[in-house]
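Visitor: As a plain string of letters, each chain reads:
Protein chains: 2
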Amino acid sequence: MDNNIPDIEILFELADLFKVFGDSTRLRVMVTISDSERSVTEIAESLNMEQSTISHQLRVLRQNKLVRVRRDGKQMYYSLDDDHVKKIIEMGMDHILE
Amino acid sequence: MDNNIPDIEILFELADLFKVFGDSTRLRVMVTISDSERSVTEIAESLNMEQSTISHQLRVLRQNKLVRVRRDGKQMYYSLDDDHVKKIIEMGMDHILE
DNA sequence: ATAACATATGAACGGATATACATATGTTCA
DNA sequence: TGAACATATGTATATCCGTTCATATGTTAT
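Just so you know, the protein sequences line up as chains S and H, in that order.
The first sequence finishes on residue 98 if you use my numbering, and the numbering steps up by one all the way, no holes.
The second sequence finishes on residue 98 if you use my numbering, and the numbering steps up by one all the way, no holes.
It should be emphasised that the hints constitute simulated quantities derived from the structure, not laboratory data.
Check each hint, because a few of them may be wrong.
[Unchecked claim] Listed next, the in silico DSSO-like pairs over lysine-lysine satisfying Cα-Cα at most 30 Å (straight line):
(1) H:Lys74 x H:Lys86
(2) H:Lys74 x S:Lys19
(3) H:Lys65 x S:Lys87
(4) H:Lys65 x S:Lys86
(5) S:Lys87 x H:Lys87
(6) H:Lys86 x S:Lys19
(7) S:Lys87 x S:Lys65
(8) S:Lys19 x S:Lys87
(9) H:Lys65 x H:Lys86
(10) S:Lys86 x H:Lys74
Computed from a prediction, not measured in an experiment: that's the story for all the values here.
From just these sequences and the hints, can you work out the full model?
Guide: The following block contains the structure:
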């Protein structure tokens, strides 16, 4: 942490970011697509959840720029946006597993 | 991320951990005590919030082992538990500020 | 064009939770 | 011991949010 205290507004943004990570479905989705991109149906089947549920959560992930999308015909392929995402998850893991 | 997919239960735990970071009040508390320990009253005044609100949130932070407590007379002095906490916050900051 | 499939979206319901108020517990000092 | 202060806790409320169901939008192939 730096010496200077982060602005309140930034802390609100930060809280919003962590909120996205604070749901097990979204985490599972992120983990599911962490190695290679997956279509919505693939993710839903993999997690054994409703397609609409996954779609709703993917929107949240999209809005927070945590995932990328690519269309290929009828399917939309999702993948993690950048390495920050993986690192944030790993960091959390470290805390839990210590 | 490793090749092996994390267990579902661990992802639930992980979500719970991130949930704690997903509240601006708790984040502000953490930032407030990141440099040096502070009493409950000090934190509450610093954030201009009710003492009970802060106390409730400190309990959440305690239960998740994110803060340490030390009693000194009437006051309880809170500080961050370990460097993971700071690093998780920094990592989130990086994501936002990029 | 229409059928079949994939995904997104809207609305509603239920459960979780942050805050405030009141009060209890704990500590110090006179 | 009792007053004053610091912190914790119980309860209630209001808001937020994840999921489901229903349906719309978009794409492909016949």
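Visitor: Work down the list of hints and note, for each, if the structure agrees.
Guide: Now the hints, each set against the structure:
no. : hint              : in the structure
1   : H:Lys74 x H:Lys86 : holds, 28 Å
2   : H:Lys74 x S:Lys19 : violated, 34 Å
3   : H:Lys65 x S:Lys87 : holds, 21 Å
4   : H:Lys65 x S:Lys86 : holds, 23 Å
5   : S:Lys87 x H:Lys87 : holds, 11 Å
6   : H:Lys86 x S:Lys19 : holds, 17 Å
7   : S:Lys87 x S:Lys65 : holds, 15 Å
8   : S:Lys19 x S:Lys87 : holds, 16 Å
9   : H:Lys65 x H:Lys86 : holds, 13 Å
10  : S:Lys86 x H:Lys74 : violated, 43 Å
Hint compliance for this structure: hints 2, 10 are not met, and every other hint is.
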